[in-house]
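*Asks:* Each chain, written out:
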Amino acid sequence: MREEFRILSTTAILGYGFPLSSFEEGMKRGPHLIAVDGGSTDPGPYYLGAGVSFTNREAVKRDLEIMIKAGVENKIPVVVGSAGGSGGAPHLQWCREIVEEIAKENDLHFKLAVIHAELDKGMLAKELAAGKITPLEPAPELTQEELEATSRVVAQMGVEPFIAAFERAPDVILAGRAYDPTCFAALAIKQGYDPALSLHLGKILECAAICATPGSGSDCMFGYIGEDYFRLEPLSNVRKCTTLSVAAHTLYEKTNPYILPGPGGVLDLHECKFEQESENTVRVSGTKFIPSEFNAVKLEGAKKVGCRTVSIAGTRDPVMIAKIDEIMAGVKERVSDNFKGQLEDYHLRFNIYGRDGVMAALEPQPTTDGAHELGIVIEATAPTQSQADTICAFARSTMLHYGYQGRRSTAGNLAFPYSPSDFHAGEVYEFSVYHLLRADDPAKLFPFEIVELGGDRA
Amino acid sequence: MMTKLSEITEVIRSKNAGPYELTFDIMFKDYTWFEKVCKAKVINEQLICDIYRIKREDIINIVEFYPAKAIKVTIKRPIPSGSLGETDVYGAQQHGPLLGLAFDL
Chain U
1 MREEFRILST TAILGYGFPL SSFEEGMKRG PHLIAVDGGS TDPGPYYLGA GVSFTNREAV
61 KRDLEIMIKA GVENKIPVVV GSAGGSGGAP HLQWCREIVE EIAKENDLHF KLAVIHAELD
121 KGMLAKELAA GKITPLEPAP ELTQEELEAT SRVVAQMGVE PFIAAFERAP DVILAGRAYD
181 PTCFAALAIK QGYDPALSLH LGKILECAAI CATPGSGSDC MFGYIGEDYF RLEPLSNVRK
241 CTTLSVAAHT LYEKTNPYIL PGPGGVLDLH ECKFEQESEN TVRVSGTKFI PSEFNAVKLE
301 GAKKVGCRTV SIAGTRDPVM IAKIDEIMAG VKERVSDNFK GQLEDYHLRF NIYGRDGVMA
361 ALEPQPTTDG AHELGIVIEA TAPTQSQADT ICAFARSTML HYGYQGRRST AGNLAFPYSP
421 SDFHAGEVYE FSVYHLLRAD DPAKLFPFEI VELGGDRA
Chain L
459 MMTKLSEITE VIRSKNAGPY ELTFDIMFKD YTWFEKVCKA KVINEQLICD IYRIKREDII
519 NIVEFYPAKA IKVTIKRPIP SGSLGETDVY GAQQHGPLLG LAFDL
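First to last, the sequence lines map onto chains U and L. Under my numbering, the first residue of the first sequence carries the number 1, and numbering increases by one thereafter. Under my numbering, the first residue of the second sequence carries the number 459, and numbering increases by one thereafter.
Bound conformation, chain L alone (with noise of 0.2 Å):
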């Protein structure tokens, strides 16, 4: 059975990290759902180079945070914030994507 990420997760989001990289947090709703995704390493490079159309080298990292259940994903922004053809200054908004994820699990 397919299980949906924005039904075992509290918080997805994107902001910048400094203006040159963008980080995503993906907070679980238990440790239970944190533990399985971790485990089944389904948030991985390939699935955020094939979302965001990047490459492989332009992830930063994705750190697994026990204290907030928590999986990080950095990555180098395509645009530094706020230059020219830049879309999102905060980098608040890059997130959506993540919220359609499912996996069997």
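Isolated chain U (complex conformation) (with noise of 0.2 Å):
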């Protein structure tokens, strides 16, 4: 029987940390593979379309200089999934420059394998016109207008691309938008380990320790795969793998539980058996991957709407408290009023805190009553902050002084927090593709380059 796979998954999302004591735990345990997981869609789309990493650059600096010392140094390959946050070529060459300095700073001499994952609007719009672009339910379908006014796309690669470049024996993989599993599995499925397991195995491992108890988001966690099961392995004495917090964790940010879908077919957890094979490590087995009919990528786009400009106030008006929606009417007629035939393209929004500023649509309870503050934070969105910056400082003085009836606050109806009262929040962004790609041969979408970093090597 050969040995088991062995990996090292350093923290939930590169930049998120983890203690030095658990990663050389792990580094004791041999692992062939050091890999993390860098993206997610979950900050929302603004980052996937201004090409702005939401991780912060000096601590995945921090993340990934101790794994490529390490790496390098004991001949582990070490891999980034979904590289920069979302993965498009900004997000990709952000980390880079980031391997770069590292590798100068510390006259480090390795290969590194960079694989791309934005993709090109004109052949997918090529793509959408052959019918080979379908909704993930539930997203509207796709137009070729608004593929147009798409800022960027990406696609989340396989294991295919990551196989490729391990072909080439690169000592780091930088990658970029992935499927999470991927940046684990590859290279244990290349050799021949079971794709079902190294998958789900890699669905784990890309939150690192937080499929254990007590969990974390910074800390790190590792796996052994075998002939027809896998392991997990907290690797700081307070945490515990045990089966209800993997099995735990295999509902989370899920659909279903029991079927999971990604690149090539799904997950089938049907059959799924979570044993606790010692105090802190569980045994899973009995995992199936079920191929689909076809092969397909899943995309990921955001298109620019415009620039957002904020102002927060409250009330602790009794009055007001009880008029609010009165007066938000109110307000935002006399903006509309005021601005009309020369400013009209805008979203001016009263978010209001207290009554259902958090659950909005969702609330089942949308009343003031028994409230005796407010927090109210207005929201102006229009083509150019400047004029984002004009709703928002009209509607917000208008609202200081709005005469509503039985006022007696005659001086001001809002507290400001802050001077200046309003903020730039940028430009915004909506999520406007999330769909499935066909495409026979995946790995073609995904090009990658070899390259050689601190010069020839010794």
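Bear in mind the hints are in silico, worked out from the structure with no lab data behind them.
Here are the computed lysine to aspartate or glutamate pairs in the EDC-like style, where the Cα-Cα straight-line distance is at most 20 Å:
| hint | chain 1 | residue 1 | chain 2 | residue 2 |
| --- | --- | --- | --- | --- |
| 1 | L | Lys534 | U | Asp42 |
| 2 | U | Lys190 | U | Asp171 |
| 3 | U | Lys332 | L | Glu544 |
| 4 | U | Lys273 | U | Asp228 |
| 5 | L | Lys473 | U | Glu363 |
| 6 | U | Lys104 | U | Asp171 |
| 7 | U | Lys75 | U | Glu100 |
| 8 | U | Lys303 | U | Glu141 |
| 9 | L | Lys534 | U | Glu137 |
| 10 | U | Lys28 | U | Glu65 |
| 11 | L | Lys513 | U | Glu363 |
| 12 | U | Lys304 | U | Asp345 |
| 13 | L | Lys497 | L | Asp562 |
| 14 | L | Lys513 | L | Glu544 |
| 15 | L | Lys487 | L | Asp562 |
| 16 | L | Lys513 | U | Glu137 |
| 17 | U | Lys304 | L | Glu544 |
| 18 | U | Lys273 | L | Glu522 |
| 19 | L | Lys487 | U | Glu275 |
| 20 | U | Lys273 | L | Asp488 |
| 21 | L | Lys534 | U | Glu253 |
| 22 | U | Lys111 | U | Glu452 |
| 23 | U | Lys190 | U | Asp441 |
| 24 | L | Lys534 | U | Glu141 |
| 25 | L | Lys534 | U | Glu363 |
| 26 | U | Lys240 | L | Glu468 |
| 27 | U | Lys304 | U | Asp120 |
| 28 | U | Lys288 | U | Asp268 |
| 29 | U | Lys69 | U | Glu100 |
| 30 | L | Lys473 | U | Asp356 |
| 31 | L | Lys534 | U | Asp356 |
| 32 | U | Lys240 | L | Asp488 |
| 33 | U | Lys273 | L | Glu493 |
| 34 | L | Lys473 | U | Glu137 |
| 35 | L | Lys473 | U | Asp42 |
| 36 | U | Lys61 | U | Glu97 |
| 37 | U | Lys303 | L | Glu544 |
| 38 | U | Lys61 | U | Glu100 |
| 39 | U | Lys304 | U | Glu146 |
| 40 | U | Lys288 | U | Glu227 |
Only a predicted model underlies this, so the values are computations on that prediction, with no experimental measurement involved.
Could you fit the two chains together into a complex? Lean on the hints.
*Replies:* If you want it as structure tokens, here you go:
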């Protein structure tokens, strides 16, 4: 029987950090791979659309420096999936510059593979016309206009691009947008380990110590793949993996915990067994992989909808609180009337904390009954920042002095915690693409390049 | 006697499942309560519609997940994550009303 394939997952998202002691514990176990997931769509559409990372540069560099130094020194490949958070071209470049800096500052010589995941919109327009792009329910159908308005589209790579890159024996792989489990699973699959178990383990390792109890987004986790099982072991003695903590993680951010769709097929967990192997380790078996009828990759895209200015205020006036709906309607009407024919393309919204500021349409009790104060966020979005400033400032000053019926507080209706009262929230994006692209040869969508860092190898 | 959901569960949480869906995880303290609640079918489509003021077709699924002693409910987001008018980008604060539920089991 061959030995288990061993994977060190350093943290939930590159840049979220990990204790050095946990990393060293992981290195003692002689991993075949050090990997980390760098991304998520959770922080919203802005980061994808604007080409900006949602993680901090210094924090990412700290994590990567530890991983790369250990990996290069011990000849263990280091893999980053969804580099720069969203995994588009600027995100990948951002992460690549950090790696180049680490190589230079530490005088490290190594081979870097960079796998691209941002797709050309012209190619996508042809695929859309050919009926190859379908929505991932409940996302709407994609139109050519919507695609044209989209700032950036990335595709989630499966294991194939990683496997192609591994053929060239790189020391470090930086991948653009990738299906979360793949940066952990690809090398094991390449070496002949079971794809279902490798991907299921990757699905858990991508959040590192979140699957332990107590969970943490900033600690390491170790995975072992055997012939017909995988095992999970935390690397800090304050944590345990329990059947419940691992099974519970299987629910996390999924539509259905029994069926986990990904590129090329679905993981089927109906016959999965979670067993407590020792006090702190869990053994999982029975995961199946069911290939889909056709090959497809998931697309993610975001488009710019304007610029936003916000103003934060509050009220402690019982009459104002009781009449808040009427006041908001009155202010909106005044703004609209004031800029008629001059500035009409804007979105003005008051988010009322203390009523339905958190849940909006889903709030079962959208009432101010019993509220002694309300938080009010005035939000204006318009094509340009200066137009958003205009609408926000006018709505703010109108609300401050709005003369509603029964008003006693004739000096002003709002408490502003700050001066200046209005803030630029900058460019605003929305998700515009969340679709499947049929692709007979998905690896072709993700070209990679190999570069030697630190000059010629000694 | 009414049993409070908050007293028989360890976890009640909400989160995005992609930008267009919200998913709720209700994890029970033990298998006795989990099985009781599953058998009584008290976490059902009508209840979710009433709490969140949504239509049946906005519920994607309600799944009983035995390995985690959990019931999972997934719904369509009224507004996709981060779009104009949306108020919870990560979807992590939509679970509150579930804590107040009580059933005659």
